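> These protein sequence lines are chains B and A, in that order. Counting from 1, one number per residue, gives the positions in the first sequence under our numbering. Counting from 1, one number per residue, gives the positions in the second sequence under our numbering.
No lab work stands behind these hints: they were computed from the structure. Keep in mind it's a predicted model, so treat the numbers as computed, not measured. Hints are not guaranteed to be accurate.
[Said to hold, decoys possible] List of simulated lysine-lysine pairs, DSS-like, C-alpha gap at most 27 Å:
hint : chain 1 : residue 1 : chain 2 : residue 2
1    : A       : Lys42     : B       : Lys14
2    : A       : Lys22     : A       : Lys68
3    : B       : Lys64     : B       : Lys20
4    : A       : Lys37     : A       : Lys112
5    : A       : Lys22     : A       : Lys37
6    : B       : Lys55     : B       : Lys20
7    : B       : Lys66     : A       : Lys22
8    : B       : Lys14     : B       : Lys64
9    : A       : Lys57     : A       : Lys71
10   : A       : Lys37     : B       : Lys41
11   : B       : Lys55     : B       : Lys66
12   : A       : Lys42     : A       : Lys68
13   : B       : Lys20     : A       : Lys42
14   : A       : Lys22     : B       : Lys41
15   : A       : Lys71     : B       : Lys41
16   : A       : Lys112    : B       : Lys41
17   : A       : Lys37     : A       : Lys71
18   : B       : Lys66     : A       : Lys42
19   : A       : Lys57     : A       : Lys42
20   : A       : Lys71     : B       : Lys64
[To be verified] Here are a few chain A residues that sit away from chain B, every Cβ distance over 10 Å (derived from the structure):
hint : residue
21   : Gly16
22   : Ser26
23   : Asp27
24   : Gln45
25   : Asp49
26   : Ser74
27   : Pro82
28   : Lys100
29   : Leu110
Where a beta carbon is used, it is the ideal one built from N, C-alpha and C, also for glycine.
Now for the letters of each chain:
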Amino acid sequence: GAVVSQHPSWVICKSGTSVKIECRSLDFQATTMFWYRQFPKQSLMLMATSNEGSKATYEQGVEKDKFLINHASLTLSTLTVTSAHPEDSSFYICSASGPLNTEAFFGQGTRLTVV
Amino acid sequence: GENVEQHPSTLSVQEGDSAVIKCTYSDSASNYFPWYKQELGKGPQLIIDIRSNVGEKKDQRIAVTLNKTAKHFSLHITETQPEDSAVYFCAASFKAAGNKLTFGGGTRVLVKP
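Please put together the full structure from these sequences, using the hints given.
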């Protein structure tokens with residue numbers, strides 16, 4: 001399958017700082033990227049959907065000013081957690097799909113710990 | 001919106017036995033049903049998928065069945081091995097909705113040697 005690379009795989013940051021997570025599609029053009037959040041022993045919860053060149057669509061209850069998503073190219077989307085707090089600690093996962101396929105390919109995930 | 005229910009939440013099987021995980025969905029417009037395997041600390045990995053124009057699909061030890069009328073689909077793993085131990089998620093989507101996946105709650109599978 002296609003390869004989606006997510007970086008970093010883990011990050012520890014102090015409360016009040018911002019953290020950026022990158023999601024890259026390495027061998028296909030990702031017209032749509034998705035960002036998920038996963039708490040321990042729970043399922044993936046969709047945070048937002050981003051289409052290249054347009055503003056992200058956020059799911060209900062997700063603060064768009066806190067979780068900034070940029071999808072400026074067909075191979076890169078970024079999620080920035082602004083003014084992070086301990087309750088933002090979670091596993092963040094991106095996925096990407098191209099224009100012709102239904103499959104979504106997932107990144108390796110980023111473990112964010114806010115201290 | 002779509003709602004996907006997954007059962008059981010945990011499943012323990014003896015090595016060599018079969019494992020079956022079942023999911024139901026609510027939106028009859030959904031037409032794509034993937035299954036993902038997630039190992040600890042990693043992202044989900046697609047293991048098999050099925051589209052609504054197909055009733056069954058098989059890939060070696062893994063098979064998926066789909067009943068559109070009843071709106072449920074199942075994952076079957078035969079001859080389980082310890083490396084099959086992981087969390088498995090079903091999902092459903094409708095392509096016109098931008099491939100947005102709705103996930104089931106997950107099944108933690110433990111294969112005992």
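> Run every hint past the structure and note whether it holds.
Quick rundown of the hints versus the structure:
Taking the CA atoms of Lys42/A and Lys14/B, the gap is near 24 Å; set against the 27 Å cutoff, the hint holds. Using a Cα cut-off of 27 Å, the hinted pair Lys22/A and Lys68/A holds, with the two alpha carbons roughly 14 Å apart. Between Lys64/B and Lys20/B the alpha-carbon distance is near 14 Å, which keeps this suggested pair within the 27 Å criterion. As the CA atoms of Lys37/A and Lys112/A are separated by approximately 18 Å, the hinted pair is consistent with the 27 Å bound.
Taking the CA atoms of Lys22/A and Lys37/A, the gap is about 14 Å. The hint holds against a cut of 27 Å. Proximity of Lys55/B to Lys20/B is assessed by CA-CA distance (about 17 Å); at most 27 Å being required, the pair is judged to hold. Distance hint between Lys66/B and Lys22/A is unfulfilled; the C-alpha atoms sit about 36 Å from each other, more than 27 Å. Annotation: proposed proximity of Lys14/B to Lys64/B holds, straight-line Cα distance about 21 Å (limit 27 Å).
At most 27 Å may separate the alpha-carbon atoms for a hinted pair to count; Lys57/A and Lys71/A meet this at roughly 16 Å. Between Lys37/A and Lys41/B the CA atoms are separated by roughly 14 Å; this keeps the pair inside 27 Å, and the hint holds. Our distance criterion of 27 Å between C-alpha atoms is met by Lys55/B and Lys66/B, whose separation comes to about 15 Å. Distance check on the hinted pair: Lys42/A and Lys68/A sit about 31 Å apart at the alpha-carbon level, beyond 27 Å; violated.
Distance check on the hinted pair: Lys20/B and Lys42/A sit about 19 Å apart at the alpha-carbon level, within 27 Å; holds. For the proposed pair Lys22/A and Lys41/B, the alpha carbon gap of about 18 Å is at most 27 Å, so the pair holds. Taken as a hint, the Lys71/A and Lys41/B pair is honoured in the structure, with Cα atoms around 26 Å apart against an allowance of 27 Å. This hinted pair checks out: Lys112/A and Lys41/B have alpha carbons roughly 20 Å apart, not beyond 27 Å.
Only pairs whose Cα atoms come within 27 Å are accepted, and Lys37/A paired with Lys71/A is accepted, the gap being roughly 22 Å. Restraint check: the Cα-Cα separation between Lys66/B and Lys42/A comes to about 24 Å, which is no more than 27 Å; the hinted pair holds. Straight-line distance between C-alpha atoms of Lys57/A and Lys42/A comes to about 26 Å, which keeps the hinted pair within the 27 Å bound. With a C-alpha separation of about 34 Å, the suggested pairing of Lys71/A with Lys64/B is violated against the 27 Å cut-off.
Residue-level check passed: Gly16/A sits 27 Å from the nearest beta carbon of chain B, beyond 10 Å. No beta-carbon of chain B is positioned within 10 Å of the beta-carbon of Ser26/A; the least distance is around 16 Å. For Asp27/A, the condition that its CB be more than 10 Å from all CB atoms of chain B holds, with the nearest at approximately 15 Å. Its beta-carbon lying about 7 Å from the closest one in chain B, Gln45/A breaks the requirement of being farther than 10 Å from that chain.
Non-interface status of Asp49/A relative to chain B is broken: a Cβ of that chain comes within 10 Å, the nearest being about 7 Å off. The non-interface label for Ser74/A is consistent with chain B: the shortest C-beta to C-beta separation is roughly 18 Å, beyond 10 Å. Every CB of chain B lies more than 10 Å from the CB of Pro82/A, the least distance being 21 Å, so the non-interface label holds. A beta-carbon of chain B is positioned within 10 Å of the beta-carbon of Lys100/A; the least distance is around 6 Å.
The beta carbon of Leu110/A sits about 14 Å from the closest Cβ of chain B, which is more than 10 Å, so the claim that it is off the interface holds.
In summary, the structure is inconsistent with hints 7, 12, 20, 24, 25, 28 from the numbered list given earlier, while agreeing with the others.
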